[in-house]
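Enquirer: What follows is each chain in one-letter form.
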Amino acid sequence: MSNKPIPTQQKEELVVKFAGDSGDGMQLTGQFFSDASALLGNDLATFPDFPAEIRAPHNTIPGVSGFLVQIGQKKILSPGDLCDILIAMNPASLKSNLKWAKKGATLIVNNDTFSDVAIEKAGYTTDPLTDGSLSNYHLISAPITTLTKAALEELGIDQKTMDRSKNMFVLGILCFITGRGTEQVLHLFDKKFVEKPKIKEINIKAFLAGFNYAETKEVVESVIVVPPADKALEKGRYRNILGNDATAWGLLAAAEKSGRPLFLGSYPITPATEILIELAKHKSLGARVFQAEDEIAGICSAIGASFAGAMACTTTSGPGLSLKSEALGLAVITELPLVIVNVQRAGPSTGIPTKSEQSDLLQALFGRNGEAPLVVMAASSPADCFYAAFEASRIAMETMTPVILLTDGYIGFGSELFRIPKMSDLPQIHPPIAKANDPNYKPYNRDANLIRQWAIPGTEGLRHRIGGLEKEDGKGNVSSDPHNHQTMVNLRRDKVLKIAERIPEQSVVGEETGDLLVVSWGGTRGATLSAVQEMQAQGKKVSLAHFKHIFPLPKNAEKILSSFKKVIVPELNDGQFVKYLRMEFPHIKLLQYNKVQGLPFTVNELTEEFNKIMEGK
Amino acid sequence: METKFVTIPKSEVPLTKEDFVSDQMVKWCPGCGGHAILSSVTKAFPNTGYKKENIVLVSGIGCSSRFPYYVNTYGFHGIHGRANAIASGVKIFNPQLSVWINTGDGDSLAIGGNHFIHTIRRNIDVNILMFNNQIYGLTKGQYSPTTPMEGVTKTSPFGTIEQPFNPGELTIGSQGTFFARAVDTNPKLMTEVVEEATKHDGTSVVEVLENCIIFFDKAFNEITSKENRDNNQLILKHGEPMIFGTEKNKGIRYNPGKGGLEVVTIGINGITIKDILVHDQYSKDPAIHLMLAKMELPNYPIALGVIRSAAIPTYNELFEIQMYEEQKSSKIKCMDDLMNSGDTWEI
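Protein chains in written order, with my numbering: chain G, 1 to 617; chain B, 1001 to 1347.
Don't take each hint at face value.
Computed footprint of chain B on chain G, listed as stretches where at least three residues anywhere in the stretch have a Cβ under 8 Å from a Cβ of chain B [to be verified]:
no., region
1, 36-43
2, 239-250
3, 260-267
4, 285-297
5, 300-308
6, 421-433
7, 460-472
Because the hints were derived from the structure by calculation, they are not lab data.
Glycine residues also receive a C-beta, built at the ideal position from the N, C-alpha and C atoms.
Please model the complete structure; the sequences and the hints are all you need to start from.
Expert: This is the structure in C-alpha cells:
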C-alpha cells in the first residue's frame, strides 16, 4: 500500500450512473450512494431507469437497469444528463450507457462479465475493454465478481449470495473515488439490515473490500470531492423523497389540515402504483385505501367517498385516466371535491409504461363528454409533488370541484432532497361543510364564488339527492329545462374560472421582459431552469415561466407572455400546452420545441435550441 | 349491523313510512313493478330502526336507478353500471351509514358486472336491490343479460342466442353471503326480504322479479299469475320444510342419486314430510343454496325468499379492525411524525 495520500479535486456537482443487468442490484446501490451523499450534506436528485420487464433476458440491452444520481455543493435541479462516473456491470450496460457518459468520464467496469458470449450479446464485435475504443475515458476495469468472492470466501456462504454482493464491492470503489469514506454507508447498513445481521456482515465485507481495493490499487489519480451544500440549501430538517411518495404525503397532509379523512380508490398502474402503495401503509393516519377492481371503480368509489365527506382521491396514469373520463363528468356535475393524480407515461394506449411523457395534458383539459370544466395542475419536481398534491386537495375541497394533478414518471420515480415542513406552517383548509338542520340548505345554492355546500350523509336535516342528471339551479331537482341547462353550464364554467382568484400569480425566473421567455410546465422544470440559468450566467436576456396552474391559468399569464421578443414552449409531447396557450391567447406568437422519446430534456439540447432561436436561426 | 367496530346509529324516535317519502313525482310507467317495490322498501326502512340521516341510496342508470329520487334519504344517482363501486366508497369511508344500491339487470349484470361480482366477493356491507325485468326499459326494449334464450326484443328480432345469467347463481358463484329473491306482486314478502337483508352483515343481494309492462309484459306470468303462483313458487322459510303447491303437498327432496334436488309429492311413492328438505339459510356451505337459486320452470318451482344468509366476516369489519389495531400500535400519529420518520438530517 502506498503511503502518500491521493490528491483530491473539488467539484460543485457530480453525476453518477449505475448500470447493470436487472437483478445486479443497481437501484439499491444507487440508493445507498445517494443516501450516503445526503447524509454528508450534498443536495441531490435521482432517477431510476429500469426495464419494463421484471427480469429481462440476462446480459441483453433490454435487461439493463440503471440509476442516475446528481449530487452537488449547489442546488441540484435534476438528476443530470451526462455522467462523470459510469458503473457498468456487464457489456450490455456499457454498450447502452456509454453515450450518457461525459468525455473523459470514469468508467467502473466488471471485466469478469466480459465473456465472448456476453460481448456478442451486447452487440459488440470486439471486446471494448481491450480494443482501444475507451481510450478517451478513465477506465477502471476490475474482476469484481472474482474479488468479491475472494473477500467473502471465509464467510462460508453460497455462490449465489457471493455473486449478488458484487454491487456492494462496487459501492466501495465508488465511495473511495468520490472521497465519501465509509462511515455513512456503514451507518446505512446498520439501519437497513437491523434484523438481518448475516446480510449486514456480508455487505460490510464486500463494501470494505471494494473500498480497500480502490485505495490499494490507486485506481484514480485524484479523488473527486463534492463538498456539502449547506450554503445553497435553506436551513432546516431534510430528507430524501421520491416523487410518488411526496404526492402521497401531500394528500395526507391536506387530509390533516382539512379535518376530512383521506379516501383513496385506486387500481395499480405503472408509474402511479407507488402512491397507492405508500398510502396503504398509513391506516394509523386514518387513510382509507381501497384497491378497486378496475380504474372505473377506483374513481367511482372515490366519488362515493367524497359524497360521504372524504378528502377523496384516485391515482392513475394515462390509460387509466381515459377509463375514468365518464366518472370525471359525474364529479363535475355533482360538484364534489376529488383529486385525480395522473402520473403520465409514454402513450398512446399502453405505450411505454416505464418511460415519461407530458402527453396527457389535452386529455386532462378536455377529455370528457359535455361541457365539463375542472381544475388542471402540474407538479414540477419530486419534492414539489408534495406541495402540488396539497394545493390540488385544497382547491378541490374549498371549491367543491374535481382537480386533475399531472405528474409524470420522471418526477414520480425520481427523488430529491425535501426540506421537511412543519404541519403548523401549512395553511388550514376550509371545506364549505353545510350545517346540520340548516333550513336554507339547498344542494345547489352557491356562495359569492359560486361554490355549493358539502352536505355530508349522517348530518341531520340535510337529506338530499344529487347525481349525473342535470340539476335545477339552487334546488338541485332533476331538470331538462333548456334555460336552466344553459345557466348550469355557465355556473360550472364561471366557478372554475373564479379559482384564478385564489391561486398565486405566475412567477418568472429572471427579468420580466427580455429577448426570450421559456415557458414550461410539469416535470421539465429541472432541465428548463438549468438551461435558462446557464444562459443567464452568460448574460443572455432569457427568463423562465414555469407553470404549475394550467386551468385556470394565473391571471397574469397573458401579460408575461406578451413581454418578451420571443416565447418558446418546450414540452415532452407533440405540442399540447402550446396549442392550449395559442387557443387562449391567439394574438401571441409562440414557438415550440418538442421531444417525444420517453426521455427527459437534456440541458444541452435546450440551450442549443434556445440559442438558435435567439440568434434568429 | 352492530359489532364492536361497526355500528349504524339508531333513530331515537320511531319512524314511519311517511318519513321516507320524497316530494318528487314518481315517473315510472303506470303498472310498473317499481311502484310496488318502492312502497315495500319505504315500509321496510322504518323497521330497520336506523336514523333516517344514516341511510344512503345509491343507484346506477336505468328505470330502477331513479329510485333514490323517490325516497327521502341521502341519495346519489350515479352513472351506468357504477352504483356498486360508488356505494363501496360510501360504505368504506363511513361504515356508520346503511347503504342501499338500486340497480337493474342491465346496470349490474352487463355494464357493471365487474363491480357487482367484486362488491359481493369482498362482502362489503351494502344491500343491493336488483330489479330484474329481463329487458332494457329506459332505452326502450333491448335484450339484457337476463333475457331468456330466444327472447324476441328490438335487438334480437330473431330471438336472443345468448345464455342468460341467473343472478342468484352469479351471486353465490361470486362467494355471495346473502341472496334473496322476491316478486313485485308480493309486497309483503318483499318487505320481509328487505328487512332480512338489513339484518345481514355483508353484501345482500335481493333480486326482485319486476314486470316491465311496456317492453316485456308478463315475462314472469308463469311465476306470478294467480293461476300459476302456488304451483310455481317455493317460498322459503328458514327451518321449515320446502313445501309448495295449491294442495301444499309438493316438496323438494335432496336426492344425490338424481343429481341434487327433486320435486316430490307427499303421499306418493311413500314420501312423507320427513323426506322434505328443511331450509337452512344460514349454512355456510353454498351447495344447496346454489341448487335452490338455479331451480327453473318447468321442472322446478322458482325459489323465493331468503335463499342464503351466511355469517362471514365483512370487508368493513375487517377494515375497521385493521384501522383500530394500526392506530393503537403505530408510532406515526400525525403527519409531523411521518415526515420526520426514517433518515432525516439538519442543515
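Enquirer: So which of those numbered hints doesn't the model satisfy?
Expert: Those not satisfied: there are none.
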